[in-house]
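Visitor: Spelled out, the chains give:
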Amino acid sequence: MIECRLFLLGDDAVGIQPADRQLRHALALSLRETCEWVDVVPGKEFTAAQFNPFDIRPSEAIRKMEAWLSTFQEKADSSYAPVDLHLDVSNDRAPDLGALAAENNLSEEEFLEKVAQSELIIDILGFMPGFAYVEGVDEVLTGERLAVPRQRVEAGSVGFVSGQLGLYGLSGPGGWPIIGRLTETLFDPARDDPFLLREGQLIRLKLVGA
Amino acid sequence: MSFAVLQAGIQSTLQEAPRRGVRYMGIPASGPADTLSMALANRLVGNAAAECALEVPYGMLSLKAMTDHIVGIAGATAAINVDGQPGLMHRTLKIKAGQTLNIGAPEYGLRVYVAVSGGFAADTFLGNKSTCLPAGFGGLKGRALRKGDMLNTQNGGGGGSTILETPMKMRQVLSHSFALRCVPGPDESRIPDWEHKQDFKATRRADRIGIEIAGSWPKLKGAGLKASAPVFPGAIQLTPSGTAFALLPDAQTTGGYPHVLQVALADRHLLGQIRPGDNIRFLKRSAEDAAYDLRLKQTFFEDWLPDLRL
Chain H
1 MIECRLFLLG
11 DDAVGIQPAD
21 RQLRHALALS
31 LRETCEWVDV
41 VPGKEFTAAQ
51 FNPFDIRPSE
61 AIRKMEAWLS
71 TFQEKADSSY
81 APVDLHLDVS
91 NDRAPDLGAL
101 AAENNLSEEE
111 FLEKVAQSEL
121 IIDILGFMPG
131 FAYVEGVDEV
141 LTGERLAVPR
151 QRVEAGSVGF
161 VSGQLGLYGL
171 SGPGGWPIIG
181 RLTETLFDPA
191 RDDPFLLREG
201 QLIRLKLVGA
Chain C
1 MSFAVLQAGI
11 QSTLQEAPRR
21 GVRYMGIPAS
31 GPADTLSMAL
41 ANRLVGNAAA
51 ECALEVPYGM
61 LSLKAMTDHI
71 VGIAGATAAI
81 NVDGQPGLMH
91 RTLKIKAGQT
101 LNIGAPEYGL
111 RVYVAVSGGF
121 AADTFLGNKS
131 TCLPAGFGGL
141 KGRALRKGDM
151 LNTQNGGGGG
161 STILETPMKM
171 RQVLSHSFAL
181 RCVPGPDESR
191 IPDWEHKQDF
201 KATRRADRIG
211 IEIAGSWPKL
221 KGAGLKASAP
231 VFPGAIQLTP
241 SGTAFALLPD
251 AQTTGGYPHV
261 LQVALADRHL
271 LGQIRPGDNI
281 RFLKRSAEDA
291 AYDLRLKQTF
301 FEDWLPDLRL
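Taken in sequence, the protein lines are chains H and C. In this text, residue positions in the first sequence follow my numbering: the first is 1, and each later residue adds one. In this text, residue positions in the second sequence follow my numbering: the first is 1, and each later residue adds one.
Just so you know, nobody snuck in bad clues.
Subject to a maximum C-alpha distance of 25 Å in a straight line, what follows is the list of computed DSS-like cross-link-like pairs (lysine-lysine):
no. : chain 1 : residue 1 : chain 2 : residue 2
1   : C       : K284      : C       : K297
2   : C       : K221      : H       : K44
3   : H       : K44       : C       : K226
Everything labelled a hint here was simulated from the structure, so no lab data went into it. These figures come from a predicted structure and were not determined experimentally.
Next up, chain H with everything else stripped away, as it sits in the complex:
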């Protein structure tokens, strides 16, 4: 059985924190396939499985999760195919690129090359529809959230903070410094599949407009 910490998140969700955090996605995928939980949502450190305490008491939910974990086996094919994304880094699309590159003592081109050559993986989709937290950015690069968040960040914008990218699926307020905008539409409610990205997916980033 995999090593895992189980705990309650209030009265209607179980938190599952695997010792090997890479297992969060496989766990979430398999848990959803059981169709026995209301919502199964991965976070950065743990995955949450929601239940209705009218149907199952919280202590029973924990026991049920323990029993399920004892039979859990990671499937070999439990990840999605990599996705190609195109990052437009023209000046008006990348308002914070110059400052970030300068802070890192790099040219804009060097900064972007390091980002694009990183092994980028979508860690979780969340916050709001279409928003993706991407991990794996070269740790040589550093950057912090903006002191004052922007009132409006355009859909497709790519934010950077140390080690991570944030892909904005919708236009709205945002606190990450922006290094470019994707030419792809990440979230479109009118599309057959409204979502372009999936958790655990690898990203191949191509630079355009430089």
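Using the hints provided, position chain C relative to the given structure of chain H.
Guide: Below, chain C alone, put in the same frame as chain H:
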């Protein structure tokens, strides 16, 4: 089979049951902020508990019926009239073509629910009609009602030939004080002794995403951010500004602020009725006790609302 919106109110939206099973894609739950009141309104017109209905915060809504309609109104207590003739909440209401239903502003409680026999028609996203305001889908073009909108209704509303009244004991009595049963969240240790220092009040920052709660919360050190973690409606999060935030149905799916308490499912519907300035008191329960409270509450409503899911 429609209504013309003469006065739209403040952020009135169409809601049905929450969107389930897609939260991992960043899709908020949406659905009614006060599930119980919406179910009571639907019951008066013979609909299922979670049929698509209008959620009207602060009241102040006027709808002109273009055809004959059967309507049920529940939730925060507001003055009702049809073409100037006083009407009653919690009672099946017949409105003739050309008549106008007016809903006043509630003084206690926040959200009024208007159900129509057969339910309202609405845009569907991922198989669900609930309006998600932050992302702009479901309901009426993904937004709140505006003056001049037409609200269509669905066919097949069989109810309403008999006049129904909500049993007295099932009507919610609202005041400017709320006692909410809650269960410790994963970061409860950030608020030691919270049970004994309760002077909490809702601020003016309140919408379908959440309610800011001011009071003697402990200060967070630094930005207080943790790794983004899954959160659900009912979560109480501490913020760096020294207040807390109670999450409502349109709330984000993950959050980086300490999750200190979780309003128990049994009382989560009450969050939908808290007005700016209202007092809030949290009552501590174990998760097991909270599940028992839920069972008691649902059993209490079982005869009248057999399909209620809080």
